[in-house]
Amino acid sequence: MSVISQCFESLQARSQCALIPFITAGDPDLETTAQALRVLNKSGADLIELGVPYSDPLADGPVIQAAATRALQRGTRLEAVLEMVQGISPTLQSPIICFTYYNPIINRGIKPFLQQLAQAGVAGLVVPDLPLEEATDLLLPASDLGIDVTLLVAPTSSSERIATIARQSQGFIYLVSVTGVTGIRSGLEARVQVLLQQLRQVTDKPIGVGFGISQPEHARQVKDWGADAAVVGSAFVKRLADGTPQQGLQAITEFCHSLKTALLP
Amino acid sequence: MTTTPLSPNSQSTAQRPDTLGRFGRFGGKYVPETLMPALSELEAAYQQYRHDPAFQQELQQLLQDYVGRATPLYFAERLTARYAQPDGTGPQIYLKREDLNHTGAHKINNALAQVLLARRMGKQRIIAETGAGQHGVATATVCARFGLACVIYMGVHDMERQSLNVFRMRLMGAEVRPVAAGTGTLKDATSEAIRDWVTNVETTHYILGSVAGPHPYPMIVRDFQAVIGQETRAQCQEKWGGLPDILLACVGGGSNAMGLFHEFVDEPSVRLIGIEAAGEGVDTEKHAATLTQGRVGVLHGAMSYLLQDEDGQVIEAHSVSAGLDYPGVGPEHSYLKDVERAEYYSVTDQQALSAFKRLSELEGIIPALETAHAIAYLETLCPQLGGTPRIVINCSGRGDKDVQTVAKFLNPA
Chain A
65 MSVISQCFES LQARSQCALI PFITAGDPDL ETTAQALRVL NKSGADLIEL GVPYSDPLAD
125 GPVIQAAATR ALQRGTRLEA VLEMVQGISP TLQSPIICFT YYNPIINRGI KPFLQQLAQA
185 GVAGLVVPDL PLEEATDLLL PASDLGIDVT LLVAPTSSSE RIATIARQSQ GFIYLVSVTG
245 VTGIRSGLEA RVQVLLQQLR QVTDKPIGVG FGISQPEHAR QVKDWGADAA VVGSAFVKRL
305 ADGTPQQGLQ AITEFCHSLK TALLP
Chain B
10 MTTTPLSPNS QSTAQRPDTL GRFGRFGGKY VPETLMPALS ELEAAYQQYR HDPAFQQELQ
70 QLLQDYVGRA TPLYFAERLT ARYAQPDGTG PQIYLKREDL NHTGAHKINN ALAQVLLARR
130 MGKQRIIAET GAGQHGVATA TVCARFGLAC VIYMGVHDME RQSLNVFRMR LMGAEVRPVA
190 AGTGTLKDAT SEAIRDWVTN VETTHYILGS VAGPHPYPMI VRDFQAVIGQ ETRAQCQEKW
250 GGLPDILLAC VGGGSNAMGL FHEFVDEPSV RLIGIEAAGE GVDTEKHAAT LTQGRVGVLH
310 GAMSYLLQDE DGQVIEAHSV SAGLDYPGVG PEHSYLKDVE RAEYYSVTDQ QALSAFKRLS
370 ELEGIIPALE TAHAIAYLET LCPQLGGTPR IVINCSGRGD KDVQTVAKFL NPA
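Residue numbers (this note's numbering), protein chains in the order written: chain A, 65 to 329; chain B, 10 to 422.
Among the clues, some could well be false.
Claimed, not checked - Stretch-level coverage of chain A by chain B, calculated; a stretch enters the list once three of its residues show a Cβ under 8 Å from a Cβ in chain B:
id	region
1	102-108
2	206-219
3	290-302
Unchecked claim - Sample of chain B residues with no beta-carbon within 12 Å of chain A, all distances over it, derived:
id	residue
4	43
5	94
6	157
7	371
8	409
No lab work stands behind these hints, which were simulated from the structure alone.
Note that beta-carbon positions come from the ideal geometry of N, C-alpha and C, so glycine has one too.
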């Protein structure tokens, strides 16, 4: 069983909904990213999504776009991100999920890329611009290396697509809660509940909901609707980027606690 | 003059792209899941209406009465004389006058056809990206014509160098949204248009302006621009009873080139030449010569050649012409390059500016700076040619929009 599946199994045994914070690697610098991973790990994160900064993040809203731009301007390189993860991952309980666009993967070559991830101790991979039809080349070699490639379901996905994606997705299924890009939104769309029910009918795999979850009440809401995980991105990235690194780390520590508290049974 | 036969493994024109949207290894649909149903819906609508008599009739009527087609195939006598040999031989140069279309470029062929599709799909809101502003103007135009809400994404840098087109779009009721991300050019405007589409996909049709982007766009835009090559074939037949020998067009994303080439891809005697922007030179960091300098990658939904760094980060392109300032290229061009059916070369900003002046002086035709790249390549090509081959250049747009930019270069303050 994969690291991510084990993680969800243990959470489900305790009737817990997972909290998955997202941060952008290299914003403001990789040292702060490493510290952020440590504090999130200690403050209630069950898994952590780590975004690899990319020049053209077309699934991301302004907050994560800006973080990626800052990270790239500081010269953040994939090599250095993975080196940092390799150093820190053995000390973390929370499995690391790498979030990256497809071009950096094929630029390196799918197998070499996956081998580097595995070596760095990364447990999962989310590629927002790689839909089911194009994912085949990635899914098989990833499972050989024990890395889960998690596919996304959107509010616009047909029921046939939902069923196929659910079958192929590894570790969990990532339900995009809005038609839109990542970002902070004031409320959750009620159709998320319907989508969760629809997904539940076709899969036993854990379901994580993300894009637009930015408050403890949102997290609580998706938990009550039956989600197995809440992914919170822009709201963490924004807090970490505000003020000095120390202030940012303090802010995400508190925020992480408040989200986890909201998710407790 | 040699022509390269298609390799045995190449797909025939009729099968390109395949059902997954592939031109060989290029193309595909690398987009967020949210857009996948919309792409399928668009493809289904296109397959339904492309042969529908009512759709075709409406389109043909508008192309004739509103756009002003067919555009002339014009014999450029003084340009031809420039490249004549002492013995009287030399290439015969013709211009396919897409600059005479309503709105001044080939872009309206596609914008008009897509808006007719969008109406049949029940979409009331239209978005588009634009670089030089020609596609934005064409889209704003057809939206005004049909009373549809229209939002155009344009890089801040391009808005500055193409301010005339910004004014035209706004005059026709379009909202022009500035994009400041990245270098504020076409790449960033396209990303922002895709983000809008992801967000408003249920009510909005995205009129992509080039043969780029996810399937089915490269196919749809090519087919809607193919009228350029179809008319050219008929006009060549009428003028000299045969095929052209060489087709020449500029390539940014590549829609005017694909529009001219498509009809002739299966005619092995016709040489296809695409010209990219070399900016300040392909050996500098400031160019947009994707096919000559790029490596295979994924940008804006398609696998194609791409200007990228060692880490797979997309590199900002550079060209004096906003319409060629794009680090990607349409996937079918990558395919035609790989199977050696088409040839791709590049010319610098300086060469293009000289050609801009030359065509103005010799023919009384002020070309778009994009088009000037194709014109510029005559300087290299013509001395290599023997006999009297007939060259058709796609005169893809007119240059009114560029006079301020060119004035700055020709008379620096």
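Violations among the numbered hints: 1, 3, 4
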